Every structure is written in C-alpha cells, then in structure tokens.
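Undergrad: The opening position of the sequence shown corresponds to residue 132 in this note's numbering, with each subsequent residue numbered one higher.
Because the hints were derived from the structure by calculation, they are not lab data. Keep in mind the model is a prediction, meaning the values are calculated, not measured.
Okay, derived cross-link-like pairs now, SDA-like style, lysine to any residue, Cα gap no bigger than 20 Å in a straight line:
#1 Lys182 to Ser153
#2 Lys182 to Thr171
#3 Lys182 to Thr170
#4 Lys182 to Val172
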Amino acid sequence: MMAAANWLGQSVGLLAVWDQYSMGEIPEDRLTTREREITTVFRSWTDFNRKQGS
Numbered sequence: 132m133m134a135a136a137n138w139l140g141q142s143v144g145l146l147a148v149w150d151q152y153s154m155g156e157i158p159e160d161r162l163t164t165r166e167r168e169i170t171t172v173f174r175s176w177t178d179f180n181r182k183q184g185s
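Work out the full structure: start from the sequences and follow the hints.
TA: Pasting the structure below:
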C-alpha cells in the first residue's frame, strides 16, 4: 500500500512539473535529470496525440 501511495505521489509531482514546464513557468535548465527525461516523454506523447487527432 505504501509503495502505491509513493508511486502516486511521485506521478502527481511529475505531472505538476510537466504542467508548469509546458506553460513556460519553469525553464528547462531548472529541471532535474529525471524531470527532464519525463518531460521529454510527455512531449513526445502529446505531440503524437496531436498528430493523431489531425
């Protein structure tokens, strides 16, 4: 149960970072290595979904 709560907390935190980064509120050079990797994955995913919708 603790592992699930920990994973959920980390996921919500990373989504919050992605949201702030994508809105331009956090510059890329202020991200940690893990946050930078995650934002790259989210950017690829959103770009893919945008292309599929057009």
